[in-house]
Amino acid sequence: MKRRDLILFLIIPSIAILSSCQHKPAAAPANPLLNAYDVEQSSTDPQRLIPLNYQQAQGKRVFNNNCVWCHADSTPAGPSNRSNLTPTPPLFTDGETFNSLSDDLMRNTITLGGSAMGKSAIMPPWGQTLTPDEIRAVLAYARAVAQPPYKASARPASQ
Amino acid sequence: MTAKKMGEISTRLRAIFALVSVAFVAVLAVSPVRDFFQSWKRYEKNYVSYAQTRPDTKRLLADFHPGIDQIWLPEMRVLDRCTTCHQGISQTSLSDASVPQPFRAHPAIPHDVKKWGCVVCHRGQGPATEISEAHETTLAWEQPLLPIRFIQASCGVCHRADLPQTPKLNRGRELLSQLNCSGCHHLQDIERPAMLGPDLSNVGNKLTRQWIYKWLKEPHTVVDSSGNTVVDGYETVEEPRMPQFRLTDPEIKALSAYLTTLKGQPIEPAKFDQGVVASLQKSPDLADQGEVRFRQMFCTTCHSLAVTQGDETKLIGGNIGPELTKVGSKINPDWLVAWLRDPQSYLPHALMPRYRWSDQDLYKVTQYINTRLTDPELLSNVPPLEEPAQEEIRLGQRLFLEKGCASCHVIQGVSPQKDFGPDLAILGSKNVSQLEFGNSSIPRNIISYIQAKITDPLSVNPAARMPQYRLTPTDLDAITTALLGMTGSPANSSLARLIVPRAQGAFHPAGAFGELSDRYKCAACHRFNGDGGNLAPELSFEGSRAQRQWIMDFLKNPQTLRPTLIFRMPQFNLTDQDASVIADYLGMVTQSAAVKLSAVDQKQFTPQMAEMGKQLYEVKYQCNACHTIGSAGGYVGPNLSNAGNWLNAAWIEEWLKNPQALVPGTIEPRRSLTEQEVQALTAYVLTLKQKAPGSAGTTAGGAQ
Amino acid sequence: MTTEEMLNRLRATRAWMSIFRRGPARTNRTRSLAIFGNVFLHLLPVKVREQSLRVRATYYLGTISFFMFVVLTLTGIFLMFYYHPAAPQAYLDMKDLRFVVSNGVFLRNMHRVAAHIMVIAVFWHMFHVFYRGGYRPPHEFNWAIGVVLLLLTLLLSYTGYLLPWDQLAFWAITVGTNILSSAPFVGPQLRYLLLGGNLVGENALLRFYVLHCVILPLLAALLIAVHFWRIRKDGGLTVGESNERDK
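Protein chains in written order, with my numbering: chain L, 1 to 159; chain E, 1001 to 1704; chain Y, 2001 to 2247.
No lab work stands behind these hints: they were computed from the structure. Keep in mind that a hint or two might mislead.
[Claimed, not checked] If we take Cβ atoms under 8 Å as the criterion, some of the chain E residues that face chain Y in the derived model are:
no.	residue
1	S1031
2	P1032
3	D1035
4	I1068
5	L1079
6	R1081
7	P1127
8	A1128
9	T1129
[What the hints assert, rightly or not] Here are some chain E residues the structure puts well away from chain Y; computed CB gaps all over 10 Å:
no.	residue
10	S1093
11	Q1143
12	G1275
13	Q1344
14	P1457
15	P1490
16	A1503
17	L1597
None of these values were measured; they are calculated from a predicted model. Each residue gets a CB set at the ideal place from its N, CA and C atoms; glycine is no exception.
Turn these sequences into a full structure, and let the hints steer you where they fit.
Right under this line is the structure:
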């Protein structure tokens, strides 16, 4: 083949085809914190943010409506009721107290109240006020924000 | 080349033919090979092997169907193939966070995935079966997945009314209303508040030109460069209302010149009864007395004041009215008296109630404001301002329109520019190609666009007229969520009927009660049947709840029912006539069908029952954990020291049986009380009476 | 009955005789007639000049154009199996081809690339024929047919462009038909005829589909047949310069 043919039929089409290749810019790595459904400041380190998923965020909502008055030191209305109570209820972020308790125990305490579980009668039963899903959500929230952090046990999570 | 004979083909030709044939087959093979190795097939294989590690393998595999899986709802125009890779989406046993994506189940939400599809909430490309095509912006599809951070925007597409499950969306809508975004932009379902910015028709009577200058330069109480509200150098965190306009010095001079010429009706000098003035003028603690009255009347329920506690300064109080820390240095004293006597004469739609003032009280309070709530340094940075020239005033008049002031502040006779800012009612449905990025270096997606526009309008369009807002990251996300939810009406009518509209407020009482309700602005704080303000309890069933005499006493002298609240009902100085009209209305109209007042006879409650009730209250159910009697108890529920005079017996009974039926969302837990226990507790509560309720004066019964 | 007798019986039936007219080819006469009467054996010319087979003679441009037409027809038929010419469904069918149909991407791309190549080849063929003087007498009529074929090719491209029913399609057709409406006297009517209305909507899609799949391909096939026939009857390719006009 003559050189002219080589240029015409091979090189020019190759240039045309190769020039249409586009370089795809690398996608930014997904930041799990930025894309979490909701975030919560860690109680021990305000700079650290804990991502919350949907269920935990619903638990946060229920918690702030019903539980925050006794299980936290500051509430949306200002002062908390916690210092009025004897025995003092544990803070919701108190990992040392709650991490060793099973999910079932926690759920039953919330549902049936303190006196049914051998604890103080100050803890009311919420089983008729909150739905089982809401109670599960509150538990998920408490587990998520516990300090020291809560580690789920090896066996599959009981629902 | 010539063939010698038929069938004799040169080797060279054969070689070329062989080569080309092989190349041809190789090229043809590319497509079937790629088809064989599609990523969704790989995910399905992985799902099957993952399912075999789970305890409920049998069921998972029974529900598994190889091949492309789609949710197809033609009447809703849904065609979503996401479940091809996201095989576990409906399997509740795969909900745990340890299950790897894409096999994890969808969290339990109020909508069924199979009935709605995925794209309706998560956006993205439903028909796609490849990851980048489904999730990201590509050549053929512009709408990427909505980050989970903003997923509540999709709730807002149909739910135009606020839901408790969407706090971010609700907050965003609240901010859009409060910050007056609807003053310049048309927004979907965000009503223009009655008070956008203050009406400026007579502002020349109220403010000095120096103060206006200072305000235009820095329109907050003061906000420092990091966006915190600062009072006199101390820091606190609150939302600023008026944004910062990028005004040059001559522009500020012109605007302030123009505004001071707006005098309308002149304010008369304040007139007090001469005897009162004479007796009070000489008191050394006049300002202190004024402060006492100021506090007793709970002005801070609506207005905030900067309070220094320890080493930090906070704005304590409500944000219905402006903060008042330095208001004495701001306003004309005659104006203040006229305002307090009749706010609506200056500003017809003002939310401030028209109190009944005695000359004594008014004098004391105004003296307090004028001498204590001041800051002599406030205007120290303002340059000397001479008498305004005509050109300056005309320039100011023009700037008032051009800069967008007219979109928030009303001046009689001045009509604002229509559509000062672009229409945002369908912002959430816009594709990337419909957004004007200009020459900026913002990432090309709608979220970055919205956030850049809000945090720095000039970054997107150097000629932007939008002023500078300062928002916390949480609030910025909330506003972005609300804006992303504004997608306009859906394309087809079968979706249109799914929209849940915003309820329109409809409580406008008439008659004597209507006049009083209008004068004292009850609806600014209280709700009737869901319509009104959020600051105070809902009064829809107040007639069933409270006894008439108690209501009368409370209105004359609002006490503390909840010890820890900052916001209290102000003392309006109601006459007996006023209180009686209100109490009658509440007693007659605001009744609950569940509470049969006449069915309960007070005489059936015996002292034995009350004794048993006391035991239940204190020992078995520990009600004192949340309620206060006397000085002991908890702060969560209302104070019960005077409950016998306050609550109706029938209400107490119904409340104890099922609180949420009477006040949905109340935090009183519902217990399984027997009928006997209910009666006993009611009997006990009814015995909790204080001595004559009014005699306690301004200190409320119970804990302070 | 032997097999031979059975076959002879079969061959005497009316059905057989209507298909295979002249009976088994046993005599030289019947053998010749079998060849002469077979259309498929006469698709290609009996004799071909050797010099017309050289690449430099025609660069095979006509062949390429025709081959592309065949590819387009075949891939077009397969695409028709998946395509509904209805307003939102057409776009979704394109998505189906892209994501669901095995080798759907390849099929669609082949159709599209073949269309590009056909347009290029057709133009190039026209330039080359002009350069070589293939329009000169007695070949003027064939040249006219070629020009009409060019027009049909472009129309096929244009009507096919609307069928994916995406933004590119919609606006291209909007622009094109608006230009059409500026033609003097008949412009607006032509636009109305083409779109089946005043807007680019479902009617336009259906009309373009019928044009693209039925009317224009049939016309093109007819004219291609005439185009080839004219070449053959004139003595084949590369013949013009050495022969005189048939008187």
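Status of the hints after comparison with the structure:
Proximity of E:S1031 to chain Y holds as hinted, the smallest CB-CB distance being about 4 Å (cut-off 8 Å). Taking 8 Å as the C-beta contact cut-off toward chain Y, the hint placing E:P1032 at the interface holds, the least distance being around 6 Å. Because the closest C-beta pair between E:D1035 and chain Y is about 5 Å apart, less than 8 Å, the hint holds. The restraint placing E:I1068 at the interface with chain Y holds, with a minimum CB-CB distance near 6 Å, inside the 8 Å limit.
Checking E:L1079 against chain Y by beta carbon gives a least distance of about 6 Å; that is within 8 Å, so the hint holds. About 7 Å separates the beta-carbon of E:R1081 from the nearest beta-carbon of chain Y, less than 8 Å, and the hint is met. Hint status for E:P1127 relative to chain Y: holds, with the closest Cβ pair at about 4 Å, below 8 Å. This hint holds: E:A1128 has a C-beta 6 Å from the nearest C-beta of chain Y, less than the 8 Å allowed.
Checking E:T1129 against chain Y: minimum C-beta separation of about 4 Å stays under 8 Å; hint holds. With 10 Å as the threshold on Cβ separation, the claim that E:S1093 sits away from chain Y holds: the shortest Cβ distance comes to roughly 29 Å. Under the 10 Å C-beta cut-off, the non-interface status given to E:Q1143 relative to chain Y holds; the minimum distance is some 13 Å. With a closest Cβ-Cβ approach of about 82 Å to chain Y, E:G1275 is found to remain outside the 10 Å limit, as its non-interface label requires.
The Cβ of E:Q1344 lies farther than 10 Å from every Cβ of chain Y, with a closest approach of about 55 Å, so its non-interface assignment holds. Look at E:P1457: its CB is around 30 Å from the nearest CB on chain Y, clear of 10 Å, so calling it non-interface holds up. The claim that E:P1490 is not at the interface with chain Y holds, since no C-beta of that chain comes within 10 Å of its own (minimum 14 Å). Remark: the non-interface label on E:A1503 is consistent with the geometry, its nearest Cβ contact in chain Y lying 34 Å away (cut-off 10 Å).
No Cβ of chain Y comes within 10 Å of the Cβ of E:L1597; the nearest lies about 61 Å off, and the non-interface call holds.
Violation of the numbered hints given earlier is absent; every hint is satisfied by the structure.
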